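Student: Working from the sequences, and respecting the hints, build out all of it.
Here the protein sequences come in this chain order: A and B. The opening position of the first sequence corresponds to residue 1 in our numbering, with each subsequent residue numbered one higher. The opening position of the second sequence corresponds to residue 1 in our numbering, with each subsequent residue numbered one higher.
Note that these hints are calculated values from the structure, not bench results. Values in this document were obtained by computation on a predicted structure and should not be read as measured data. The beta carbon of each residue, even a glycine, is placed where N, CA and C say it ideally should be. Mixed in with the good hints, there may be bad ones.
Stated by the list, open to error - Quick partial rundown of chain B residues pointing at chain A, CB under 7 angstroms, derived from the structure:
id	residue
1	Ser13
2	Arg95
3	Glu152
Stated by the list, open to error - No more than 25 angstroms apart at the CA atoms, straight line, and that leaves these computed lysine to any residue pairs for SDA-like:
id	chain 1	residue 1	chain 2	residue 2
4	A	Lys258	B	His164
5	B	Lys112	A	Gly293
6	A	Lys251	B	Arg176
7	A	Lys258	B	Glu152
8	B	Lys69	B	Thr107
9	B	Lys181	A	Glu248
10	B	Lys69	B	Glu111
11	A	Lys303	A	Pro421
12	A	Lys251	B	Phe177
13	A	Lys251	B	Asn125
14	B	Lys69	A	Ser58
As the list claims (entries may be wrong) - What the simulated footprint calls covered on chain A by chain B, stretch by stretch (three residues with Cβ under 8 angstroms from a Cβ of chain B suffice, anywhere in the stretch; the number is not a length):
id	region
15	37-48
16	60-66
17	228-241
18	284-291
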Amino acid sequence: MSGASVPMMTGIPCQRFHIHLGFITLLGFFLRTLLLPSQPVTWDDYSVGLTAINYMESGQLGPIMWNHPELGNILVYSALRLFGTGLVGLKGMSVIVGVLSITLVGLVSRQLLRNETMALLAALLWALDPLAIDMSRQAVHEIYMAFFPLAGIYCISRYRMGRNHWWLLAAGAGFGLGLASKWSVAFPLVVSLAFLINDFRRKGASGVPVPARMLFAAVSLMVLPAVIYILTFIPWFGQGHSVGEWLELHKDMYVETKLHVGYEELSRRDHRAYEWFIRPVSWRDSTFNNDTGEPMVEAESGKYFIDLIGVGNPFVWFLVIPAVLYLVRKCVQRRDEGLMYAAALFLASYLPLAFTYSRPIFVNAALSVMPFAMMAVAHLVVSTLCTTRARKRIFALYLALVVFATVPLYFLAIGKGAEFPFLRDYFLQN
Amino acid sequence: MPKITSRSLIAVSVAIVVAAILVVVLLDRYGRNARTYGAVGAIDSPQVVRMVVESPLDAYAFWKQQGFKGRTILLIADAWERLGIVNQADIPSARPYPLRLYHIPTTFEREKLSPANFLYVAALNGITRRVVAILSQPGYDDMAAMAQRATEARIGAGELYLPHQGFPRWFTTLARFRGEKEPVLLYVNASYFRTVEPEDLYRQLKASGVATDAVILCRGGEDNRLTNLERAKLERFARLIGIPAAKNDSPAAAPAARPRQ
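Tutor: Put into structure tokens, the structure is as follows:
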């Protein structure tokens with residue numbers, strides 16, 4: 001990545017790129033809101049609402065996800081106050097963040113891969129990803145861990161283009177909000193800081209001495225996020241706690257996060273991240289819901305259970321490892337910083353999860369990795385298939401396959417799987 | 001855009017660092033100032049509110065009425081009352097929009113407060129931010145055995161830390177208790193005198209230098225596990241700290257608490 005003047009490989013005009021990206025974002029919005037009002041409120045959804053109120057009005061942690069940072073509670077509570085306890089209040093934030101993350105995948109991919117076709121494909125894959133769709137339609141805060149780091153990375157890319165220091169402060173804010181959502185955002189933050197410092201060292205001073213730039217970058221990406229992070233604990237401090245107790249709390253949060261085993265039998269759930277991209281895995285939310293309020297009939301108890309199942313699209317999922325290897329090979333060959341940055345973001349986000357044995361890693365955590373996986377897959381597909389006319393036909397076929405596979409997976413993700421004959425059989429077998 | 005100089009970058013960096021320090025200091029002060037105290041003294045000081053109540057619910061009512069916030073409760077009892085699943089927040093099976101969400105602390109206080117969960121409800125409602133429990137040796141051993149199975153427990157020599165959803169709970173025995181850095185709300189249940197003599201408790205508490213603004217001795221009236229002997233010992237302890245015999249105070253008698261400066 002060497003500045004604004006770097007020619008884009010595809011030459012799609014900037015305006016057209018943004019229009020295409022806008023359409024993909026709209027498609028993502030459609031998929032994330034279709035039939036959403038009729039999607040039952042899960043146990044987790046309801047608990048998120050309770051937890052947000054409990055935190056903001058009483059400074060209490062829990063009843064669910066007490067070991068995670070608090071930004072989600074602040075955002076959900078704000079939406080509940082603004083829009084009431086309806087769909088928009090409960091899930092509005094997740095939908096907005098989920099939809100905007102599509103735009104960000106496109107923009108960040110464009111900055112790192114320097115190819116509009118790749119960027120648009122990455123955004124499209126993310127827009128169609130069943131897991132991203134599933135989590136954008138739930139009140140839980142998982143989708144934030146995709147959105148906020150992307151926002152930070154985008155700001156860093158803009159900073160590296162024009163050296164406008166406001167972008168660096170904005171990046172710090174993005175990462176700070178990300179850390180205040182999930183700690184896993186620390187991985188892309190560390191990678192970004194390392195790349196930035198390397199960038200300063202390699203390119204030397206351009207007006208401002210390198211040590212001053214490094215100091216500013218360190219403060220923007222370490223101190224500023226930390227300030228934003230601690231500020232999200234204001235309601236908790238209001239319970240009489242001191243900063244020393246806040247540090248103690250983080251010990252407890254860390255222990256719980258490190259050893260959390262979930263609430264279901266592990267044998268029934270995919271829980272090892274090293275299996276990702278090698279075999280199909282799923283994230284499943286089973287919920288019991290009787291919105292009619294009528295007495296439940298035991299013989300028909302099955303109808304009160306709803307399953308929301310996020311499964312990676314196989315035409316994307318199984319390409320991830322080869323795509324990352326290809327990306328690494330290309331960035332070594334070309335010594336391309338953008339590709340290197342993209343590869344490092346994937347590896348830094350994925351490897352800590354893949355090598356975690358102290359606790360199960362459920363598939364919802366893949367949301368912190370998948371945006372970078374999409375970039376790698378888009379890079380591989382476009383690099384290899386958009387070269388000749390014949391290959392472009394294969395590219396079109398690939399896109400058709402992705403869309404074709406998305407259809408049933410989409411209905412699984414939105415809880416309508418049991419209404420389709422083929423998918424109903426799957427349910428009966430499982 | 002104004003020209004960026006080395007000096008301006010350093011100035012902004014320093015400003016952010018200073019702001020960060022300020023935020024930390026102010027949050028610390030904000031937290032500490034949120035605590036409310038009454039008149040503080042030793043457990044037998046005349047200015048300290050001391051009373052015997054019949055039920056843990058009376059203790060809760062007193063703390064609530066006094067407006068205590070963000071406090072450490074020093075619980076002295078034979079054993080730790082474990083809470084059943086009924087103390088989890090209710091999630092209705094019917095959840096149509098608009099959701100009928102509720103405020104857990106006030107709902108628990110209104111609908112679920114009981115002698116078994118009064119500390120939990122006090123925590124939910126912000127009366128206490130941490131609990132230190134002095135248990136009898138069997139009561140402590142029981143907790144220590146349970147903590148062996150809890151991932152978040154930290155077990156030291158005669159001291160056990162077992163938080164609940166980030167809420168700090170310390171368990172120890174009288175022999176290991178070394179006092180508290182801040183004034184506590186002292187709550188003594190008659191059950192503690194099953195294995196300990198009142199004079200021993202009095203001596204150890206005095207020796208620990210524990211400071212308080214409210215001492216509540218609970219007879220545990222509805223608890224049929226308690227005997228008259230234990231209640232008689234509680235009365236003896238009451239006299240040791242200067243409460244006249246068999247005096248059951250009204251929670252309304254004491255002046256309200258105030259933030260501590």
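Student: Okay, which hints does this one fail, numbers in order?
Tutor: When the structure is compared with the hints, none of them turns out to be violated.
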